[in-house]
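Join the two chains into one complex using the hints; note that each chain is given alone, in its own frame.
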Amino acid sequence: MKLDVKKMVQASLLMAIAIIIPLVFGSTLRVYIPPFSATLASHVPMFLSMFLGTSVASIVGLGSSIGFLFAFPDPVVAARAFMHVAVGFLGAKLVEKNYSFRKVVLFTAPLHGVLEALIVMPFGFSFKDALIIVGVGTIIHHIVDGIITIPVLKALKLEKKVENNIKKEIA
Amino acid sequence: MIKDITIGQYIIGESFIHKLDPRTKILISLLFIIVLFLATNVQGYVVVFLFLMLCIYVSKVPFRYIYKGLKPIFILMLITAVFNIFFTKGETLVYQLGFLKIYKEGLVLAAFMIIRLTFLIAGTSLLTLTTSPIELTDGIERLLNPFKKIGVPAHELAMMMTIALRFIPTLMDETDKIMKAQMARGADFESGNLINRAKSLVPLLVPLFISSFRRAEDLAMAMEARCYRGGDGRTRMKVLKMTKKDTIAFVNFAIFTILIFGTRFYF
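Residue numbers (the numbering used here), protein chains in the order written: chain H, 1 to 171; chain W, 172 to 438.
With the rest of the complex left out, here is chain W (with noise of 0.2 angstroms):
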């Protein structure tokens, strides 16, 4: 039995971060994002630095890993940035080279949005990095029962993604099957345009869809003939449990939040 599912992110640990329960870590996560645009000066990001060093160190998870997150983005932010620079009009001329101009306001906003983009995507590594996703989908579907009132079906859909996840590695293994028998018959994925590359993709797709829906088939069938009616009237094997350490860690996120209050407020 597969104890934990990874997509290559969770990284197995001890730390006190690693033990809180998952709903803990979800909220605050969710949190840390509004938290983090409320900061608006030099003072509310260094608040919002520290404490993302503190975690990180607490986490014990390795900086490249976080880094590891943030290289994808990184292009992007850059590219932005640079946009933001030249296109962004203030006060303050700091360089002209025919009809490009940067502003210091372009230059303050770049600035502000590539750290506030860093810290986003930080933050937000950091819950997955700690996290195995079945943790977090059974943190999501407790926190999603008080929404069972108003008709979101919780518990289904955290059983969507419980099996979405138990069969990521399942199907990714299948497309890289899929992909090798083709290449054997002569198909090509990687070389010409996009257009043709997306042509090639045909081939993958068609088996892949069919092959899930066959799979659907046959795992909706054996879930049945094991008695599976839905959520309601079940038991659960694995229970969630709130301990100090979850009341220390919303402390912690609360000191954070009124010390960016304050730096909104008082400088």
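For reference, chain H alone in the conformation it holds in the complex (with noise of 0.2 angstroms):
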């Protein structure tokens, strides 16, 4: 495959974003219910790689798992990070099919849920912990941050960075 350079750099910079926003936002943003804890918008950076294709998507979830490592060296906030490669590419993939940022943000919650969930548990974590808190909590938390994400993505068409790979208007 052609490598697309400009992808590569702005999925670079969209996996910094998401290693930043805990750092920088992790006093002020943090919900903490644990064994379930969420930093608000830190899903924004993977909900914009859903719209640079499928395969920018999975690696800005990698990378910002890998990342997570370095700022944070707790593999179980790295395990969950790592399921953003696939909540990442399925969104992507919707997106492709022209279907609504709001559908899409609907679809992959449950997934995103249930892949955290199941994450956690052998870490040491109950089934009862991960499925009702861990997995609840991140379906709540996936779909704040899409409703963030709305006009970041309005701003973003706007300033025609995105605006070939969004090809319905924001529903």
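Any given hint could turn out to be false.
[What the hints assert, rightly or not] With beta-carbon atoms standing in for the labels, derived distance ranges: (1) W/Phe318 <-> H/Ile143: 33 to 39 angstroms; (2) H/Lys97 <-> W/Thr414: 47 to 53 angstroms; (3) W/Thr406 <-> H/Ile150: 43 to 49 angstroms; (4) H/Ser100 <-> W/Lys416: 35 to 41 angstroms; (5) W/Arg235 <-> H/Lys103: 44 to 50 angstroms; (6) W/Gly269 <-> H/Glu96: 54 to 60 angstroms.
[To be verified] Cross-link-like lysine-lysine pairs, in silico, BS3-like; alpha carbons within 27 angstroms at most: (7) H/Lys93 <-> W/Lys320; (8) H/Lys93 <-> H/Lys7; (9) H/Lys6 <-> W/Lys320; (10) H/Lys93 <-> H/Lys6.
[Claimed, not checked] Coverage of chain H stretches by chain W, computed from C-beta distances (three or more under 8 angstroms per stretch; other residues unrestricted): (11) 9 to 22; (12) 53 to 64; (13) 88 to 100; (14) 147 to 155.
FYI, nobody ran anything at the bench for these hints, they're computed from the structure.
All C-beta atoms, glycine included, are put in the ideal place defined by N, C-alpha and C.
This is how it looks when you write it as structure tokens:
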């Protein structure tokens, strides 16, 4: 495949922002319902990467989970971030099929919740903790971040930065 | 030129562990996580503890940095442990208060869980404290090279990681500037409930993403102007090389693994 340097660099910066958001906003936007924790807006880079294609969305998820290990040496958090590879990929697929962003957010939410719930079990979390707290918490977090992403998408579209990839008006 | 990029985790040093090839450290850290889950009794955890102490001592990393890595997870561990204590059923009832029952098995399970998470995070912290992010990225690329045959873009992934790490301090500065500029215009990021704080994020995120995409465009153009075409045919300025130190490290880790298996099958 022909290497697209611009997309590669865009993906890199989305990775960097995905790592920065918990670092910068961890003190003011962190929701902490043990054993679940999340930082609002941390999924926005994942949503934006969906508009850059399936491979970019997957790599942004993979890269951000590796980057998390650098910034937060906590394998549980990195493992949960790794699930964004699958969520990003599915979301990018739906975008390619011209689904509206609202539908993309809603369709990928349950997958996101289930995957993050499953991945925390090997680290000693009980099935109930994982499914009810991490799973449901992740779905809510996913949807809230989707709502936050909408004005960002509109602004980027006006800037014509990702116009070529947004084939349908944002619902 | 920025030689080493840090995210507040890397500690410059000259210890034996600092000088190991990053591939060695990455592999040993991954294997350490696996071996940690093979330890299932007190003797096993004693061996893990001693191995960790040896590594921390040899790395000359101050204990307070290891502790700093543990602090964010402490509350999580505590509350999950409490859940385990109260909701794990067993045979030996230790204490009862109304419907709440504490069994010996629950206490043991909670203790093991805390110990395991502590060792997990301490071990992972050691990797990031003794290896610079650029070294880590380089090591990851080399370790992913064999997977190129099945289509994994090892070089591109490593390049993306390098670019991301390079831009983290820049984007953090940018975020700080945008935040201060919006505050100068009356924005309030700290007060209000969670919903209001989330709303106040929008005037911060929109300019941040727009400037990032502009920056991406500029960087991509500059890279192509310097004839970057991807990984094929490129040489590298810094070459990773395994040394005797790496052999010693692997041998020590092998001994550690054998001891863990020993505790598992002979006690």
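For each hint, the structure was consulted:
Separated by about 35 angstroms at the C-beta atoms, W/Phe318 and H/Ile143 satisfy the suggested range of 33 to 39 angstroms. A hinted range of 47 to 53 angstroms for the beta carbons of H/Lys97 and W/Thr414 is consistent with their spacing of about 52 angstroms. The hinted range of 43 to 49 angstroms is satisfied by W/Thr406 and H/Ile150, whose Cβ atoms lie roughly 45 angstroms apart. For the pair H/Ser100 and W/Lys416, the beta carbons lie near 56 angstroms from each other, so the given range of 35 to 41 angstroms is not met.
Evaluation of the 44 to 50 angstroms hint for W/Arg235 and H/Lys103 yields a pass: the beta carbon distance comes to about 49 angstroms. At roughly 56 angstroms, the beta carbons of W/Gly269 and H/Glu96 sit within the given window of 54 to 60 angstroms. Taken as a hint, the H/Lys93 and W/Lys320 pair is honoured in the structure, with Cα atoms around 25 angstroms apart against an allowance of 27 angstroms. Only pairs whose Cα atoms come within 27 angstroms are accepted, and H/Lys93 paired with H/Lys7 is accepted, the gap being roughly 17 angstroms.
About 24 angstroms separates the Cα atoms of H/Lys6 and W/Lys320, which keeps this hinted pair within 27 angstroms; it holds. As the CA atoms of H/Lys93 and H/Lys6 are separated by approximately 20 angstroms, the hinted pair is consistent with the 27 angstroms bound. Residue count for the segment 9 to 22 of chain H with a Cβ under 8 angstroms from a Cβ of chain W: 11. That meets the three needed, and the coverage hint holds. With 3 residues having a Cβ less than 8 angstroms from any Cβ of chain W, the segment 53 to 64 of chain H passes the three-residue criterion, so the hint holds.
Note: the segment 88 to 100 of chain H has 0 residues with beta-carbon separation from chain W under 8 angstroms; the three-residue rule is not met and the coverage is violated. With a threshold of 8 angstroms between beta carbons, the proposed coverage of the segment 147 to 155 of chain H by chain W holds, since 4 of its residues qualify and at least three are required.
Consistency with the previously given hints fails for numbers 4 and 13, ordered from lowest to highest.
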